[in-house]
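J.: Model the full structure from these sequences, guided by the hints.
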Amino acid sequence: DAKTTQPPSMDCAEGRAANLPCNHSTISGNEYVYWYRQIHSQGPQYIIHGLKNNETNEMASLIITEDRKSSTLILPHATLRDTAVYYCIVLDRGSTLGRLYFGRGTQLTVWP
Amino acid sequence: DAGITQSPRYKITETGRQVTLMCHQTWSHSYMFWYRQDLGHGLRLIYYSAAADITDKGEVPDGYVVSRSKTENFPLTLESATRSQTSVYFCATSNRASGSRRSYNEQFFGPGTRLTVL
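As they're listed, the protein sequences go chains D and L.
Heads up, the first sequence is in our numbering, so the first residue is 1 and it goes up one at a time.
Heads up, the second sequence is in our numbering, so the first residue is 1 and it goes up one at a time.
Since the hints were derived computationally from the structure, they do not count as laboratory data.
Careful: at least some of the hints might be erroneous.
Here are the computed lysine to aspartate or glutamate pairs in the EDC-like style, where the Cα-Cα straight-line distance is at most 20 Å [unchecked claim]:
hint, chain 1, residue 1, chain 2, residue 2
1, D, K52, D, D67
2, L, K57, D, D92
3, D, K52, D, E66
4, D, K3, L, E59
5, D, K3, D, E31
6, L, K11, L, E79
T.: The structure is reproduced here in structure tokens:
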């Protein structure tokens, strides 16, 4: 049960910002929003996570709406190497395991 | 720094054969996971382990066996392979014991093993 909804595909021009949306309308107060990506034929890679405040790291920014029912992952200057499937995952940080439920994700294609 | 490795990377076997996929990590992470990835299903958790000698079932454990006698190794065995087990298998680790905010639920994935059962 992925608990999230993402568009199946998006594209973006190289050098432009890629904004990937995620809907998680049933998110609870203890659940974080995590983003992973999977480049073709490789294992998934962690990008960023957040609870309710916006977050930024060296890879991306995460904007979470005030009601926490949706979020947007922003890749500020997309490159061809950012072409991948991006997964939005909600996760109870207090759970025993912290299992990741991967849905279908969004296939982002960055074109030159 | 090898990190997490999986072997073999590619394997072709026949129905009914026993197959073992290996996963090895050099970080001493406490948690290890096995996922399978199939078209149309995304990644699904097969088994996981919280520490040496502690394992538990995930979403799709039937037909698989795991063991974890040492922290660094987490082999996955298909006791009698079936065609439906043709898939890409990913091993992952997590260091939830570290206490750092980022590492709490960050999982590190291996390169995968592509298994074909004929």
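J.: Take the hints in turn and mark each one as holding or not.
T.: Checked hints:
no., hint, verdict
1, D/K52 - D/D67, "holds (9 Å)"
2, L/K57 - D/D92, "holds (19 Å)"
3, D/K52 - D/E66, "holds (7 Å)"
4, D/K3 - L/E59, "holds (16 Å)"
5, D/K3 - D/E31, "holds (11 Å)"
6, L/K11 - L/E79, "holds (15 Å)"
The structure agrees with every numbered hint stated previously.
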